[in-house]
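**Student:** Protein chains in written order, with numbering that gives the first Met the number 0: chain A, 0 to 169; chain B, 0 to 125.
Selected chain B positions facing chain A (in silico; Cβ < 10 Å):
hint: 1; residue: PRO60
hint: 2; residue: GLY114
hint: 3; residue: LEU116
hint: 4; residue: LEU121
Below 16 Å or equal to it, Euclidean Cα-Cα: the simulated EDC-like pairs (lysine to aspartate or glutamate) are:
hint: 5; chain 1: A; residue 1: LYS8; chain 2: A; residue 2: ASP162
hint: 6; chain 1: A; residue 1: LYS100; chain 2: A; residue 2: ASP79
hint: 7; chain 1: B; residue 1: LYS92; chain 2: B; residue 2: ASP59
hint: 8; chain 1: A; residue 1: LYS100; chain 2: A; residue 2: ASP161
hint: 9; chain 1: A; residue 1: LYS119; chain 2: A; residue 2: ASP30
hint: 10; chain 1: A; residue 1: LYS100; chain 2: A; residue 2: GLU10
hint: 11; chain 1: A; residue 1: LYS119; chain 2: B; residue 2: ASP59
hint: 12; chain 1: B; residue 1: LYS123; chain 2: A; residue 2: GLU50
hint: 13; chain 1: A; residue 1: LYS58; chain 2: B; residue 2: GLU106
hint: 14; chain 1: B; residue 1: LYS123; chain 2: B; residue 2: ASP49
hint: 15; chain 1: B; residue 1: LYS123; chain 2: A; residue 2: GLU52
hint: 16; chain 1: A; residue 1: LYS58; chain 2: A; residue 2: GLU38
The hints are simulated quantities; they were obtained by calculation from the structure and are not laboratory data. Cβ atoms here follow ideal geometry from the backbone N, Cα and C, with glycine treated the same way.
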Amino acid sequence: MEIRRCHDKIEISELDPFLAELLRQIPASADPKGASAAEQRLFSPPSNGTETELCAEWKLYVEPELRRLFQTATQTVAADLEQLNGSEKTFANRTLRIPWKHADAWLSALNQARLVIAAKYNFSDAELSDHFRSPIGSRRDLSLFQVNFYGFLQECILREVDDWKPGRPD
Amino acid sequence: MSRMPRQGCTWVVQTRQSEGPIDASSEKGGATTVEQPTIEKDTRAEENLDLPWLVIVHNDPVNLMSYVTMVFQRVFGYPREKAERHMLEVHHKGRSILWSGMRERAELYVQQLHGYLLLATLEKAI
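Pulled out of the complex, with its shape left as it was, chain B reads as follows (with noise of 0.2 Å):
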């Protein structure tokens, strides 16, 4: 299975009121609030952001195996071996993800593979 990269967690820098504020008498001789920087891991869910498209090939009875692997082949460039593991995923398990990213590109490879007769079709990533 092919996957772009999930999205690295970002680290932030954000600056907020420390909970007890710090005493800088000692240098000045009055009482002062300082801002303490604080750093926090970004959470926010990777639904929040967008989605990568799928590339999805189905399983046919009747296509050739060394024919479909030379579709990956073509299709995608990939090597031999990673074409042939694509193809016996899809003979074994039904289906195999053979790319995923973005929606325009994902369109033009089920197109291609439409062109060489496979049952692709394109999914959203849940």
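For reference, chain A alone in the conformation it holds in the complex (with noise of 0.2 Å):
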């Protein structure tokens, strides 16, 4: 897999099905539906539970706007996703491609999905730190390495965000 800005887009190339498929699971990871420790963390109170007004507002204002937000995130994401749905063979390697201006939709999913799966899986320290477990055995294994796998592709979008100027040649 290989990385590149390449003019208004960030280009992933040399996606291998497997990695594809990850991609293609973010928007449903990112979706807390049905996990309440996953909701918890999304929705988390805006007090440390003295200020109960400032809370229940909180819940009846800003959360649906939270929720609208990170929808639209994850939305964007998915219309990005569809350029993995080619005709293409089954196992060729895939390139995806994503507008600058979409770059901030994709760390808001790419985090989203990650604190998800973790609130589900209640992953520790140590597990969340081990980058070189292998994705293969048990499902939660799969899962930490999709935690790890979505953290790399933020790491990368952040450099590219932070090297960008505009008008900068590639």
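Work from the hints to combine the two standalone chains into their complex.
**Tutor:** Shown next as structure tokens:
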């Protein structure tokens, strides 16, 4: 897999079918429905419990806004991921081009997915620091690999965002 | 840690009856009492003033350090060095006070931080 900036896009090329499938799973993985731990993590209270009035108002007014914000990001990512549903051979490597203006949506969706998966599996700090565990084994191992792979992508996108200057030649 | 500057001590000028009357008999030939101005330091406790609200970010092992630094730069407009200092404080100490001041603005900051999926809370300064 190779990631580089190409004009106004971030290009992820040489995507093998396994990694392409992990990317396709970003929107579904970012959905906290049915997992109360994930729901609590994405929509954590704005105070440590002492400000009950603030928490009640937050739930009423701010939380719906946050849901819309997170949903918009995952929808943008889902639309970009349609590039991976081409008619090429199933086992061929793919290329994904992320429009520059979608970089923030990708950062958000990847973060949502990582937080939701980590909350669902309640990974320990030690597990989250283990970047070399094989994805082959249990569903838990695969999910940990997913968290780390999405984190790697986040780092790459952040680096491109950091380096990017309008009008800079490639 | 970023805190609003402390309320400076204010100096007030008060007039009060001096402990001993000043005898001005040498000028007018009669005894008069003159008020003598004294300067006193205002000793009002800080608790009586409007306390600031703190915006606190808590550690989360999932969020990337580089991501958290970027969020601090974007939300608070901090230079990278300051944003990194706060990020490291969150990482090592479990929390960092990112900002303090008026409640409305603090609420807005916490909302923005939640929009970036950071664990942030609002607390009244003690």
